[in-house]
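Using the hints provided, position chain B relative to the given structure of chain A.
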Amino acid sequence: MTTESPPEGGAAVVEEPLTERRLGAFRIQEYALLIAVILLFVIGAVLRPDSFPTVDNVHNMLTQASVVGVIAVGMTFVIATAGIDLSVGSMLAAAGMFGGILVDPEGSTLVFILGAVFFATALGSVNAIAIAYGRVVPFIATLAMFSIARGIALLLNDKLPVGLLDLNGGSFGDPAAFSLLWFGTGRILGIPISVYVFLGITIAGWLVLNRTRYGRYVVAVGGNREAARIAGVPVRRTIMSVYVLSGFLVGIAAVLLCARLGSASPVSGNLYELDAIGAVVIGGTSLAGGKARIGGTFLGVLTFALIFSLMTQLDLSTEVQQVVKGAIVLGAVLLQRPEARL
Amino acid sequence: MAGAAPTLEVRGLTKLYPGVWALNGVDLDVRAGEVHCLLGPNGAGKSTLIKCVSGVVEPTGGEILLHGDPLPVGDPAASLGRGIATIYQELDLVEDLTVAESVYLAHEPRRGPFLDLDRMRSDSAALLARLGHEGISPRTRIGALRPAARQVVSIARALSRDVRLLIMDEPSAILDDGEVETLFDVVRRLTADGVAVVYISHRLDEIRRIGDRVTVLSDGRTVATGIAASTPTDRLVELMVGSAVEQLYPERPRATGDVALSVRGLRRLPEVRSASFEVHAGEVVGLGGLVGSGRSELLHLIYGLERPDEGEVWVEGERLEPGRPGRAIAAGLGFAPEDRKSQGLLLDWSQTKNVSLADLHRFQRGLLDIRAERAAVREQLQALKTVPDDGERIVRELSGGNQQKVVLARWLLHDCRVLLLDEPTRGVDVATKAQLYRVIIDLAAAGVAVLVVSSELGELVGICSRILVMREGELVFEVDGAAASERELLRHAVAPTDSADLIEEVR
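Order-wise, the sequence lines are chains A and B.
Number 11 in my numbering belongs to position 11 of the first sequence; there are no gaps in the numbering.
Add 1000 to the 1-based position in the second sequence for my numbering, that's all there is to it.
So here's chain A without its partners, still in its complex pose (with noise of 0.2 Å):
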């Protein structure tokens, strides 16, 4: 074996720290994350042990992550092709409306949610013909239907909000009926249904991008374009789909967020993109592209809904909030930097 190749045998044991360095940065990375949810209900549990490590409130929690999660487990296969996906939230509540409207006065769940999804993904359908055909840029692309889908949404019902607590079976819901409100306030076990969606969601998502032929296209076209070409992978129809991916998971949370509150609103989802950008990136996947790690993004998306439960029951301000958030996603994409540098 040595007489075989000794040059070569002696430039693998000298690159040798190379890996290490890395695989530690990278396992620091997760474990940190997990740390860091560990101790924010830690902290929030010392600070208000009344309120913040209630069963009420934990899941009060999940609901609300569940929906920001659902989003973010698209937003981590968009980033993955490192492309943006900035029209997340507007997209949110046009979804919501136009379910809405299709069932306005009164209508049966299954027709919500079938509109909500539909509108979503359609939506995304036009964010990925834009950029994957149009070459338009994604930044630009779902920068400009950031904008048209808020649009859609104060247009659909003049600004107001649609009432959907009428769906099915009245106002609280027969728990035997199929009501939309069941999703939103509904428990199998204990456990809030939306909770079950975004696990579910997630599950699924870990399986497609890591142990499916799409999964490895999705990385291999963020990681390097032209090489993914060479190699045969169908580039321009992988970026399209993950477009519409986004936005058919932003139907679904659309479907959660609605039954949550009874009601679709024009103004809903306002800065989800950023709750869904930051836990994907602080959950450890590259802006860069080429990596992508979906339980990070999972555990991104569950250290937020700490933040912010804490922050809340701290009595800080929504405005306090929204600087710790953005404070949060700066510092998150500095942490990554070394990282792309190597």
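These are computed hints drawn from the structure, not numbers from a lab.
Given the structure is predicted, the values throughout are model-derived calculations rather than measurements.
From the three backbone atoms N, C-alpha and C, an ideal C-beta is built for every residue, glycine too.
Warning: the hint list may mix true and false statements.
Sample of chain A residues at the chain B side, in silico, Cβ under 8 Å [said to hold, decoys possible]:
#1 Leu143
#2 Lys159
#3 Arg216
#4 Ala220
#5 Gly223
#6 Asn224
#7 Ala227
#8 Arg229
#9 Ala231
#10 Gly232
#11 Pro234
#12 Leu287
#13 Gly290
#14 Lys291
The following residues of chain B were derived to be distant from chain A, with all beta-carbon distances above 10 Å [what the hints assert, rightly or not]:
#15 Gly1033
#16 Asp1096
#17 Arg1208
#18 Asp1258
#19 Ala1358
#20 Ala1375
Facing chain A, according to a computed beta carbon distance under 8 Å, are these residues of chain B, among others [claimed, not checked]:
#21 Thr1182
#22 Leu1183
#23 Val1186
#24 Arg1189
#25 Leu1190
#26 Ala1192
#27 Pro1325
#28 Ile1329
#29 Phe1335
#30 Pro1337
#31 Leu1360
#32 His1361
#33 Leu1368
Frame of chain A, contents of chain B only:
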């Protein structure tokens, strides 16, 4: 030997990375006015050594003296300020800047707060003239220059800071044979001015032509220093690899089978004007020519990365849909691109993922069968003697030769019928080159049709059954590999009219 202190003296230099000595006692002295060649296999420590000298890396022990004075270590600005300039293999020029702007980038002459454009232009013109390249206009955009001309601009940039020691890391890797002459001419002018040059190259024939003395590194140690550049090749190779290298070129293959690849009237202006030829199963066909003659573009057309204006590509009797690499792969084509790092590989991925990318459907049973994927890839990596061959290593951290093996493993795994190779041994050391030649020949022996583009004519003459020469977008010459000579190939590659002016601007 006696007299003034040498320009550069390195004494007992060591560099410890966590757990590994990248440099383990390197000694070297470089005199003013000489070309001192640095030889060694990939991973021998050449890069670490020059990074220590240029201040990018801080050595663990030993000393570096410049004109007899200790050089502050780990301080790039200090190295630069004392007249040490480094020209890296990947030229770090900005395509959109002009020649003058590039030469004075980051130390622009100013008049008050404004750039002194006139002085920038006249001074850079003077520098270019000093290098014998008055022909390059200071107003030209870098993007419009050929690689050789860009290199001259890089050297001019080094000169603009009064360089005393110029380090060149594989400067000839991106040049064709004609352009290398231009480079040598520039180097000779510099040494005549008393500049000391450290020259790194894997091409032994070059070292003999341009070098005065040679230092050989292996495993982070100096195994020979200051020996004459005229040392016989066998001896140099022996020093590098620690033992005599097996025969560099294996037995050349003969065409055995039916036509595997048929290219009919392929054309895409302006690069490719017309190309028709066939490659048989079991044959290695070489495609020679100068950089810019349309060789790489022709491969891109065959593989479907570009759509031809006209013409057809047939693989084993089936016509390929133009402009569809995915279809080409399905038809049995494989392609190892010229620039492994930017076109061939996902550098932050493991070897396994890089190898399997073109063939993932084979492992998809609902979900991907990760275990089967790893096993299949490992088998190919082992067959290619990749180091390491476990498949888990991040590709960025492999040497150039092993990166190339990862690319080849992809097409071995795919079981391709026609393999297109663009500069397969660029930047690879001699021992690994020999291995890659062996792989290519073995593939041909197994019935694969191989088409190789190379700027190293000696390599084509060494391994090809047949050689085609391309010039200005057309195939102008064909010769049996056994009967070919480098001189003859070069003569056909260089246009009869403008053979002298290799650095003209691209239209």
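Hint by hint, here is what the structure shows:
1. Leu143: violated, 26 Å
2. Lys159: Not OK, violated: A:Lys159 not within 8 Å of chain B, min 46 Å.
3. Arg216: Given a least distance of 6 Å, the restraint on A:Arg216 holds.
4. Ala220: With Cβ-Cβ at 6 Å, under 8 Å, it holds.
5. Gly223: Nearest chain B Cβ about 4 Å off; hint holds.
6. Asn224: holds, 5 Å
7. Ala227: holds, 6 Å
8. Arg229: holds, 6 Å
9. Ala231: Since chain B brings a Cβ to about 4 Å from A:Ala231, closer than 8 Å, the hint holds.
10. Gly232: A:Gly232 check passes; min Cβ-Cβ to chain B is 4 Å, inside 8 Å.
11. Pro234: With a minimum Cβ separation of about 6 Å from chain B (threshold 8 Å), the hint on A:Pro234 holds.
12. Leu287: violated, 14 Å
13. Gly290: Check passed: Cβ of A:Gly290 comes within 6 Å of chain B, closer than 8 Å.
14. Lys291: Because about 7 Å separates A:Lys291 from the closest Cβ in chain B, which is inside the 8 Å limit, the hint holds.
15. Gly1033: Fine: 31 Å to the nearest Cβ keeps B:Gly1033 off the interface.
16. Asp1096: holds, 19 Å
17. Arg1208: holds, 21 Å
18. Asp1258: holds, 25 Å
19. Ala1358: At roughly 5 Å from the nearest Cβ of chain A, B:Ala1358 sits no farther out than 10 Å, so the non-interface label is violated.
20. Ala1375: Its Cβ never comes within 10 Å of chain A, the nearest being 16 Å, so this holds.
21. Thr1182: violated, 29 Å
22. Leu1183: violated, 26 Å
23. Val1186: violated, 30 Å
24. Arg1189: Result: violated, 34 Å to nearest chain A Cβ.
25. Leu1190: violated, 30 Å
26. Ala1192: violated, 35 Å
27. Pro1325: Interface hint status for B:Pro1325: holds (6 Å vs cutoff 8 Å).
28. Ile1329: holds, 4 Å
29. Phe1335: Hint on B:Phe1335: holds, closest Cβ of chain A at ~6 Å, below 8 Å.
30. Pro1337: The hint holds - B:Pro1337 has a Cβ within 8 Å of chain A, the shortest such distance being about 6 Å.
31. Leu1360: Holds: closest Cβ of chain A sits about 4 Å from B:Leu1360, inside 8 Å.
32. His1361: holds, 6 Å
33. Leu1368: Holds, because the Cβ-Cβ distance from B:Leu1368 to chain A comes to roughly 5 Å (cut-off 8 Å).
Going through the hint list in order, the structure does not satisfy hints 1, 2, 12, 19, 21, 22, 23, 24, 25 and 26.
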